[in-house]
Amino acid sequence: KAGVTQTPRYLIKTRGQQVTLSCSPISGHRSVSWYQQTPGQGLQFLFEYFSETQRNKGNFPGRFSGRQFSNSRSEMNVSTLELGDSALYLCASSFYQRVLSQETQYFGPGTRLLVL
Amino acid sequence: AQTVTQSQPEMSVQEAETVTLSCTYDTSESDYYLFWYKQPPSRQMILVIRQEAYKQQNATENRFSVNFQKAAKSFSLKISDSQLGDAAMYFCAYRSAATGNQFYFGTGTSLTVIP
Numbered sequence: 001k002a003g004v005t006q007t008p009r010y011l012i013k014t015r016g017q018q019v020t021l022s023c024s025p026i027s028g029h030r031s032v033s034w035y036q037q038t039p040g041q042g043l044q045f046l047f048e049y050f051s052e053t054q055r056n057k058g059n060f061p062g063r064f065s066g067r068q069f070s071n072s073r074s075e076m077n078v079s080t081l082e083l084g085d086s087a088l089y090l091c092a093s094s095f096y097q098r099v100l101s102q103e104t105q106y107f108g109p110g111t112r113l114l115v116l
Numbered sequence: 117a118q119t120v121t122q123s124q125p126e127m128s129v130q131e132a133e134t135v136t137l138s139c140t141y142d143t144s145e146s147d148y149y150l151f152w153y154k155q156p157p158s159r160q161m162i163l164v165i166r167q168e169a170y171k172q173q174n175a176t177e178n179r180f181s182v183n184f185q186k187a188a189k190s191f192s193l194k195i196s197d198s199q200l201g202d203a204a205m206y207f208c209a210y211r212s213a214a215t216g217n218q219f220y221f222g223t224g225t226s227l228t229v230i231p
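Heads up: the protein sequence lines correspond to chains U and Z, in order.
Those letters in the first sequence? Residues 1 to 116, per the numbering used here, in order.
Those letters in the second sequence? Residues 117 to 231, per the numbering used here, in order.
Excised from the complex, chain U in its bound form (with noise of 0.2 Å):
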C-alpha cells in the first residue's frame, strides 16, 4: 500500500497570509491527524478527523481548522498567519474506529510551513 502522503512538501508564506495543506491517508484508513512539530514545542496535536467528523481537538486557536473529504483525505487550513506558525505539520493516518484499538498511526513526510 502507498503510505500516508502530504502536499506540498515546502511553503514559503508572510504573515497575514492563509495556507492550505493536504494530506492523504493510506488507502482504507479512516482517522486522520493532525500535528504541528517545532523545536521548541516537539510534537503537539491539532485535530483528529473521522468519517468527515472532528473527533478530538488540541488546544490552538481559532485559526486552525481543518476538513475531511468522503474519501478520507484532510485538509488543514491556517489563516492569517503569524512568524510562530513556522513549523513541520504532520499527518498521521489510522484504520482506527473504536476507543479500544491498540491500532497505531502512520506519518506522512509532512509539510514544511516558512512565515516570513
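These are calculated hints, taken from the structure and not from any lab test.
All of these numbers come straight from a predicted model, not from anything done at the bench.
Treat each hint with caution, since some may be false.
[Unchecked claim] Label pairs and their computed distance ranges (CB to CB):
no.: 1; chain 1: U; residue 1: Thr80; chain 2: Z; residue 2: Ile230; range: 40 to 50 Å
no.: 2; chain 1: U; residue 1: Gln54; chain 2: Z; residue 2: Gln185; range: 30 to 40 Å
no.: 3; chain 1: U; residue 1: Ala2; chain 2: Z; residue 2: Lys194; range: 29 to 39 Å
no.: 4; chain 1: Z; residue 1: Gln130; chain 2: U; residue 2: Gly3; range: 30 to 40 Å
no.: 5; chain 1: U; residue 1: Pro61; chain 2: Z; residue 2: Gln130; range: 42 to 52 Å
no.: 6; chain 1: Z; residue 1: Ala132; chain 2: U; residue 2: Thr80; range: 19 to 29 Å
no.: 7; chain 1: Z; residue 1: Ala132; chain 2: U; residue 2: Leu114; range: 35 to 45 Å
no.: 8; chain 1: U; residue 1: Thr80; chain 2: Z; residue 2: Gln172; range: 14 to 24 Å
no.: 9; chain 1: U; residue 1: Ser51; chain 2: Z; residue 2: Gly201; range: 33 to 43 Å
no.: 10; chain 1: U; residue 1: Ile12; chain 2: Z; residue 2: Ser123; range: 31 to 41 Å
no.: 11; chain 1: U; residue 1: Lys13; chain 2: Z; residue 2: Gln199; range: 37 to 47 Å
Glycine included, each C-beta is placed from N, C-alpha and C at the ideal position.
Fit chain Z to the known structure of chain U by using the hints.
Quick look at chain Z alone, frame taken from chain U:
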C-alpha cells in the same frame, strides 16, 4: 492532559553497542498504549515499537526492546547492536485507551551513532 517526558535531549552510542533511551509519563488512567517513534533526519516518522499497558510482558522488535514499568510510569527503549541507520530523533508517545485517537509526544531524544 497527559504529559510525556524525555529527559535526554541527546544521546550517543558506539556502533554495535547498546543504548537506552528514557521516557516517563504522567497519567491517572490504567489502560493506555505507549509507542516509540523514530524520525531520521529529513525523513518521515516511523513506528519502532509499541506496548499495551495491560500487558506485563515487555515488547520486543528485533534489536529494539522496551522496559515498561507501569507503577513507575516509565517506558524506556533499548537498542542493541546499534547501527549507523539507527541515528535519528526518537519520540516516546502515549495514547489513551479511553479518550480517543490523540497521541501525546515527548520532546524527543536525538541519537548519534559513532562509527
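For a quick check of understanding: which of the numbered hints are violated here, in increasing order?
6 and 8
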